[in-house]
Every structure is written in structure tokens, then in C-alpha cells.
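*Asks:* Take a look at the letters that make up each chain.
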Amino acid sequence: MAKPYYDASDLRKFGKITEWSEELGNKFFDYYGKVFEEGALTAREKSLIALAVAHTEQCPYCIDAYTKDGLERGITKEQMMEAIHVGAAIKSGATLVHGVQMMNKVNKLEM
Amino acid sequence: MATKSLLARNNDLANTARQMEILSSGIFADGELPTFANKLKETHQFPLQPKKLEILQINLGYMCNQVCAHCHVDAGPDRKEIMTLETMQQCLEVIKNTGAHTLDLTGGAPEMNPNFKEFVEAAAKAGIKDFIVRSNLTIIRANKKYYELPKFFKKHNIHVVSSMPHWTRGKTDKQRGDGVFDKSIKALQMLNEVGYGREGSDLKLDLVYNPSGAFLPGDQMALENDFKKALKTDFNIDFHNLFAITNLPISRFLDYLIASENYEDYMFSLVDAYNPTAVANVMCTNTISVSWDGYLYDCDFNQMLNLKVGSKVQHIGDYNEALLQDRNIIINQHCYGCTAGAGSSCQGVVA
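Protein sequence lines correspond, in order, to chains R and H. If you read the first sequence in the numbering used here, its first letter stands for residue 1, the second for the next number, and so on. If you read the second sequence in the numbering used here, its first letter stands for residue 1001, the second for the next number, and so on.
A portion of the hints provided could be inaccurate.
Claimed, not checked - List time: in silico EDC-like cross-link candidates among lysine to aspartate or glutamate, alpha-carbon distance up to 20 Å: (1) H:LYS1204 - H:ASP1293; (2) H:LYS1051 - H:GLU1224; (3) R:LYS46 - H:ASP1226; (4) R:LYS46 - H:GLU1264; (5) R:LYS13 - H:ASP1293; (6) H:LYS1171 - H:ASP1130; (7) R:LYS91 - R:GLU38; (8) R:LYS68 - H:ASP1326; (9) R:LYS68 - R:GLU23; (10) H:LYS1154 - H:ASP1173; (11) R:LYS34 - H:ASP1326; (12) H:LYS1229 - R:GLU45; (13) R:LYS16 - H:ASP1272; (14) H:LYS1186 - H:ASP1219; (15) R:LYS68 - H:ASP1130; (16) R:LYS46 - H:ASP1219; (17) R:LYS77 - H:ASP1226; (18) R:LYS13 - H:ASP1030; (19) R:LYS77 - H:ASP1173; (20) H:LYS1080 - H:ASP1226.
No lab work stands behind these hints, which were simulated from the structure alone. The structure displayed is predicted, hence computed values, not measured ones.
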């Protein structure tokens, strides 16, 4: 059987990236940890944003991580799905808003 | 959802030796994860020994009106293990002389023991000031004879600690059974009516939150705020504190973890979240657990795994506090459940 590109257990090894570039790796994880602390936004709000972005980025590790994180915070599945729709709406909006560029181009080129 | 205990279903895991075998094999046998003993050794906390005894936790029986999916007791209506009057008498003798200040009554549903009220009254006479009853709430609504429980609790100033996995009906009923949420809400309102849980009230009402699945509890304070906001807005319910308790990988929860193929990931989560600071305050260091038949354990979880205290004294009938305090606490891989993150105990986080 061919090995898959993604392996769920690799998520646990994420921290190992510091082994091949310690300073940058540590700086990243410090930054990452800081970002998700309670701030002007609650940790709960940040978790939902992360879940939505995890989907638009289509990162399977992030989806696993932030689904679990949401459950741990008592976030309901309905709230999680709504958050994903926010991401999906921006994704589809971002596609469709380029339709204006297409329309502009058609209008310019057509007699 | 199952309506019978593992024992009644003749499930393999009703056998405690089988559970111990699972917890000691696989990822722990091949060294992928360190055993709990080795983890304690890393931080020079092995062997684990008791500190001052504060809480005597007595299990009045495994019978319960609910069959919760995560129950570490494997409790249910089909469980017939109930503490007898004779064993209660032995407990009362100990209560008269113990250095412990708190009597923590649990089960099953402790209220279903036919001598529950008499036992509480006798223990009060014997000098116990701090009572905890771990009530599943629905028992208060299960039968007319239990409707007066809130008043009985109040009369003896019993600290009521009740399970509530979520502030929504769906998540609660999925873990605890259909209709449990509505009955629990009604029971909480009855407790509030007699004065429990109100701000500034001496009648303490705390809730216990267990995750409803293969994940760890989030921040206890944040969860408490969410519970308070939702229960107040939706049902005008007040309570004092929320205890976030981690599910330990034993009994029905272990069965669930294995059946849902979450066992290994869950154990990795527990080990990754190991917190040596929590070790210093785990509940086995200040609690003795007494089973329905009078045997002594380091905690309720060890009781369910049939791991009796490592002491010459193993039964309430032979109780000797000084001798008992001089023991090593029996540990195994399930103990990772009490040391993950902010730690977990019957009183919530410990670190």
C-alpha cells in the first residue's frame, strides 16, 4: 500500500521542527503560543477563528487540532460548523468578487 | 445508548484484571509511552505517599438510576452492590476518631442506599461537619420518595456536588441518557429554591463537568463562566463552582475509548499533558476511599480497578489511621488522568 502524504500521528511531532533550526523554531512556537493566549479576543474566539482558517487552508493537522480544542472548550458542533461557513463564505466570496475583474475585461475587450 | 452495566452485558472489561492488562500492555509495554511510575521517577516523585488525611470518601453502593456512557464505576440499575448497615456501623466507628474533616458520599447514586438518610444523621451525630453528597441530580426527580432530598440536604448543610457535562440538552443526554438534561435542570431549580447555589449562600452547590468524549477538559474557570452564563440565561439557575474532571481510562470510558479507536490517542494526550505540579496535590494524597463492602483504596478509581491500599490494614473493620498513612500509593497508567494539565480530582483542578 502506498504511504499517504499526511499521517495523523505526525501532528504530535510538530515540535521536532526546532531540531533542525532551533532559534527560528523556538521563535515560531513562542509566537504561536502568545497568539492564542487570552487577549483582546478570548481564547475561545481565537479557537473558532483557527478552526475556520484551518479549513480554508485545508490543513488536516490544524483541523484535527482545533476540532479537539473546540470540544475541550465546550464549543458546540453547531458553533464549529457556523465558523467553517464563515471561512467558506469568504473563500467563495473571494472567488466570486473576481467576477468583477472578468466583467471589466469582457467590457473592455468586446465591441 | 446502553442501558445496562458492562457487568450485566458480560463485557470483557467488567473484569478488572483485563483492564489492568490493557493499561500495562501495548504502548506502555513497548516503551512508546513511559509508565506512570517512570514518569514520577523523572521528577523524583516516586513512590507517591499520602499527606495529611482530609477526606473520607465512602461509596454507598454501585446502584444508580442512570447508566452514563463514561461511568468509571460501571454503575446502573442492575448493580446490586449496596453498603450494609453493618459496614455503615464500622464506618461510623472510624468517623468518630478520624482526623479527616470531610465525609464525601458517593456511589452509584448514594441516595439509593436504603439507609442513606440514617447514615448521614448518624455521621452528623458522630461529629462530621463537612458533608459532600455526589448527586446525579435526576435521582431527585426519579421517584416521589426522593422529592424531599433538597430539604434533607439543607437540614444537614450538605455540600451538593452534581454532574452536568454540558449546558445544552444534546451533549448532556448523549453522555448521561435521554431526558437527563431536563430532569437535571428541574433538580437544580429545586435545589436553588431551598437556597442552594445562590450567591453568598452557605448551602454549597457545585457542578462537575466531565468531557463527553475522547478529549481533555478545557480551562475550568472559562468553562465555569460559560456554564454560569448559559444556565442563568436559559433556566435562571445558580451554582457556586464548576469542577472540571478528566475522564480516566478505566471501565466504561475505557470500553468507549477502545471501541471508538481513540485509546492510544487519548493516552498520548494524557501523557503529553503530564504536569508534575499536579502530582503534588492529587487526591489520593489526602483521601481514603471506602467501598460498599468496607475495603480501603487510595481513590475511587483504584476501588473500581480492585487495587486495595498497600497496607496491612485493608478493611474499615481493621482501620488504623496511623498505620494506613504510612503506605505507598498504588499507581498505574490510569493515574495519568489525574495529572494532566491543571490536574483533576473529585474537587476539580489541583494545579
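*Asks:* Does each hint hold? Answer for all of them.
*Replies:* We went through each hint and held it up to the structure:
no.	hint	verdict
1	H:LYS1204 - H:ASP1293	violated (29 Å)
2	H:LYS1051 - H:GLU1224	violated (29 Å)
3	R:LYS46 - H:ASP1226	holds (16 Å)
4	R:LYS46 - H:GLU1264	violated (28 Å)
5	R:LYS13 - H:ASP1293	violated (47 Å)
6	H:LYS1171 - H:ASP1130	violated (32 Å)
7	R:LYS91 - R:GLU38	violated (27 Å)
8	R:LYS68 - H:ASP1326	violated (41 Å)
9	R:LYS68 - R:GLU23	violated (29 Å)
10	H:LYS1154 - H:ASP1173	violated (28 Å)
11	R:LYS34 - H:ASP1326	violated (45 Å)
12	H:LYS1229 - R:GLU45	holds (16 Å)
13	R:LYS16 - H:ASP1272	holds (14 Å)
14	H:LYS1186 - H:ASP1219	violated (27 Å)
15	R:LYS68 - H:ASP1130	violated (37 Å)
16	R:LYS46 - H:ASP1219	holds (14 Å)
17	R:LYS77 - H:ASP1226	holds (16 Å)
18	R:LYS13 - H:ASP1030	holds (19 Å)
19	R:LYS77 - H:ASP1173	holds (15 Å)
20	H:LYS1080 - H:ASP1226	violated (37 Å)
The structure is inconsistent with the numbered hints 1, 2, 4, 5, 6, 7, 8, 9, 10, 11, 14, 15, 20, although it conforms to all the rest.
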